[in-house]
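Peer 1: Below are the chains, spelled out letter by letter.
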Amino acid sequence: MVRVLAVSSGGGHWEELMLLKDAFDNKAVHFATTFADLPTRAGITEATILPDCNRSSKWAAISCIWKAFNLVRLLRPDVVISTGAAPGFFCIVAGKLFGAKTLWIESFANAESLSMCGKLAARIADRTIVQWEHLARPQGPHFAGALL
Amino acid sequence: MILVTVGTQLPFDRLIRAMDTLAPSLGQPVFAQVGKGKFRPRNMEWQATLDASEFDRLLNRASLIVSHAGTGTILLAQNMRKPLVIMARRSSLGEHRNDHQVATAKQMTGRPGVHVAETVDDLAPSIAIASREEVEAAIPSQREQLKAAIREFVG
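These protein sequences, in sequence, are chains A and B.
First residue of the first sequence: 1, per this note's numbering; consecutive thereafter.
First residue of the second sequence: 1, per this note's numbering; consecutive thereafter.
It should be emphasised that the hints constitute simulated quantities derived from the structure, not laboratory data.
Possibly wrong hints are sitting among the right ones.
Stated by the list, open to error - Lysine-lysine pairs mimicking BS3-like chemistry, simulated, CA-CA at most 30 Å apart:
{"hint": "1", "chain 1": "B", "residue 1": "Lys-147", "chain 2": "A", "residue 2": "Lys-96"}
{"hint": "2", "chain 1": "B", "residue 1": "Lys-38", "chain 2": "A", "residue 2": "Lys-21"}
{"hint": "3", "chain 1": "A", "residue 1": "Lys-101", "chain 2": "B", "residue 2": "Lys-147"}
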């Protein structure tokens, strides 16, 4: 059975992941997010809570990187998918290090340019998908449909 | 009931203050989730944050949603077929790290069920138009295309 780790921050990133999850929920999926009540609300039991972090909080970021790497090390997923933001990016990096296939789906919130994490993910992830055609480039990121 | 929400991450007092001023004239109760804002509303019920189930309950009851231009709220409103008025956070006013919400709002302009308020002065007319609207259930066809791409990648 293919093991999938699906990661997103709380808020919009999570709503996007929830609308996409039936594309992979026939696999052994483990979710990771940043708010404890989100998986419960969605009826998900296989979930890990990572510390929320962004550019303005260095210590939260370090704690998040540490937990993301440990999660991937213990779970050894075959595939890591993230809809953003920083915690998902750290799981993508860890996924690459531990040999997983990695997919970054940039939020449709970023309509004019990729987020900072999206730009970094586009260099690291095996595939990066954007939800606006005008953000796609021939060598990637690729446009492959959109939520809205 | 009108539900006002600005997400959990950053304050957005410009929207909360404007909605508090408008609340008595809207003809229905207004409930605001004000996040990390400092302004305390006087004319509407409010809470800083709501847990997910409480938020869902209010969303269900709401006839109209007024929010920042966050994707979470846009997707929830669309799924629940609720008319939505959005006002973007602006980085020049210290409301977000960058202007991606301005870009989202621009792209959302003209979509069924979504009304964009450029400034606080647009809120009242946008709310008046949005509250008369019936939002059709529509699952965008591009969504299935995106899922197919993910399915193919996962294998």
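Peer 1: Against each hint, give a clear statement of whether it holds in the structure.
Peer 2: Evaluation of the provided hints:
With a CA separation close to 22 Å, the supplied pair Lys-147(B) and Lys-96(A) stays within the 30 Å bound. Between Lys-38(B) and Lys-21(A) the alpha-carbon distance is near 36 Å, which puts this suggested pair outside the 30 Å criterion. Taking the CA atoms of Lys-101(A) and Lys-147(B), the gap is near 17 Å; set against the 30 Å cutoff, the hint holds.
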